[in-house]
Amino acid sequence: MTKTIKAYYAKAYPKINITLKIGEKIGNLHTLQSRFCLVEGSLYDSFLIIKEPLDKEALTQQNLVKKLPQRYTTFSETTKQHNAIQCYLYGNFDCKLEDNLIYKAYMLLAKHIDSNINPCFIHIIVDKRIPVGGGLGGGSVNAALMLLLLNELFNLNCSKEILYQYAKALGSDVAFFLMIYTQNSTHITPYFYVKQDLSKGDLDSILFKQTQDENLDSNICHVERSKISKDLEMIKESKQDSNIESKKDISCLRTRTSESLAHTCKYDKNLDSIFLNSLKQKRQSYFISFLSANVYGTGEIIEPFYEKLPHFLIHCNTIACNTGAVYKEFAREKQAIKDSKKDNIDLQKDSITLLQTYDIYTLNDLYKPACNLYELEAIAKGLHKDYGNVYFSGSGSSFFSINHNIKE
Numbered sequence: 001m002t003k004t005i006k007a008y009y010a011k012a013y014p015k016i017n018i019t020l021k022i023g024e025k026i027g028n029l030h031t032l033q034s035r036f037c038l039v040e041g042s043l044y045d046s047f048l049i050i051k052e053p054l055d056k057e058a059l060t061q062q063n064l065v066k067k068l069p070q071r072y073t074t075f076s077e078t079t080k081q082h083n084a085i086q087c088y089l090y091g092n093f094d095c096k097l098e099d100n101l102i103y104k105a106y107m108l109l110a111k112h113i114d115s116n117i118n119p120c121f122i123h124i125i126v127d128k129r130i131p132v133g134g135g136l137g138g139g140s141v142n143a144a145l146m147l148l149l150l151n152e153l154f155n156l157n158c159s160k161e162i163l164y165q166y167a168k169a170l171g172s173d174v175a176f177f178l179m180i181y182t183q184n185s186t187h188i189t190p191y192f193y194v195k196q197d198l199s200k201g202d203l204d205s206i207l208f209k210q211t212q213d214e215n216l217d218s219n220i221c222h223v224e225r226s227k228i229s230k231d232l233e234m235i236k237e238s239k240q241d242s243n244i245e246s247k248k249d250i251s252c253l254r255t256r257t258s259e260s261l262a263h264t265c266k267y268d269k270n271l272d273s274i275f276l277n278s279l280k281q282k283r284q285s286y287f288i289s290f291l292s293a294n295v296y297g298t299g300e301i302i303e304p305f306y307e308k309l310p311h312f313l314i315h316c317n318t319i320a321c322n323t324g325a326v327y328k329e330f331a332r333e334k335q336a337i338k339d340s341k342k343d344n345i346d347l348q349k350d351s352i353t354l355l356q357t358y359d360i361y362t363l364n365d366l367y368k369p370a371c372n373l374y375e376l377e378a379i380a381k382g383l384h385k386d387y388g389n390v391y392f393s394g395s396g397s398s399f400f401s402i403n404h405n406i407k408e
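Take the sequence shown: its position 342, counted from the start at 1, is 342 in UniProt numbering, and no numbers get skipped.
If you are wondering where the hints come from, they were derived from the structure by calculation, not from laboratory data.
Just so we're clear, the structure is a prediction, and the values are computed from it rather than from any experiment.
Heads up, none of these hints are tricks.
Computed Cβ-Cβ distance ranges for the label pairs, DEER-style:
# : residue 1 : residue 2 : range
1 : A331      : H311      : 33 to 41 Å
2 : H311      : D114      : 39 to 47 Å
3 : Q196      : D346      : 41 to 49 Å
4 : N116      : E24       : 43 to 51 Å
5 : K308      : Q284      : 14 to 22 Å
6 : D197      : N405      : 35 to 43 Å
7 : E24       : K200      : 51 to 59 Å
8 : K96       : E300      : 25 to 33 Å
Where a beta carbon is used, it is the ideal one built from N, C-alpha and C, also for glycine.
Let the hints inform the model, and build the full structure from the sequences given.
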């Protein structure tokens, strides 16, 4: 009897912080009050997990590597709990295996897998487009999807309490994504993912083929990053220049919006050929109630917030903000915490009202300390010329604005 190759595909969307107010430090963590929103749009990581019988004449890890673009790194792991499982993680990551949140999530759930399971390969393939250090939660959403999809793939039936326990151990943002993707239940809602049985031919059609188009897209990304890097160098040089007009000229930097980022990778189009139509059909049949949540405490208190969200544009750049450094800079300015307490932003108001009421500095306590460390104010000034009011997400480098050109 032919054994089935199972595949789960989901889009890992970024989050933005409508507001982020930081309080006193408890232990190693600051308290906070924040409004998180998931932004469904053209910016996302593609997340694919494949379960393949080990005794089937199928794709080996070595053959799969040959199909991957050279910019992707490969990790492999045979778990101590399950020698029958060979798990491979593929993606354009910028961290060591032991620091990868997807790997950490896998290791947490692996102990729930039946020790008598039939031998199998697990291929986890991630194409990352959410920038690292951008304040968009790219690593956290991938970790949340790893918990949820592995739970489904092996029918682990882990309780809601266990999943949230693991999510909070992985990071405060992970729990938010878990709540959104499950709609505050135990299992990932069908609205967000596609489950399909694949043939060997299907595998070949979706696994990172080395084409001229892919190489071209890589070059496009490289050129854009080079342009932005040159602009940032100009800013550094301008600090030594007293010519005000010179500084004014370079304030409008080249950044990438979430719309333009959608055209930088062909891999997702390969996936779309198999999964996208199914995903579109499912979304017509399923309803989601909320994409926002209020977060309190040190990130452990998460409450769904029901509202109608505007269409957002996310503006990315090549600066990767270090979260620890930004928080340290915030803590260094004692007055910052006192000022934050005075603002009293009402999280019972909808996000549009908050954005229309407060400026970028008041909404996000980490914007000023981040600007102290990185060249962000010039980027914000340039974006403001083209998009109007812009706002800062989390502790990272990304900005967002409301897209007023889209009408309901």
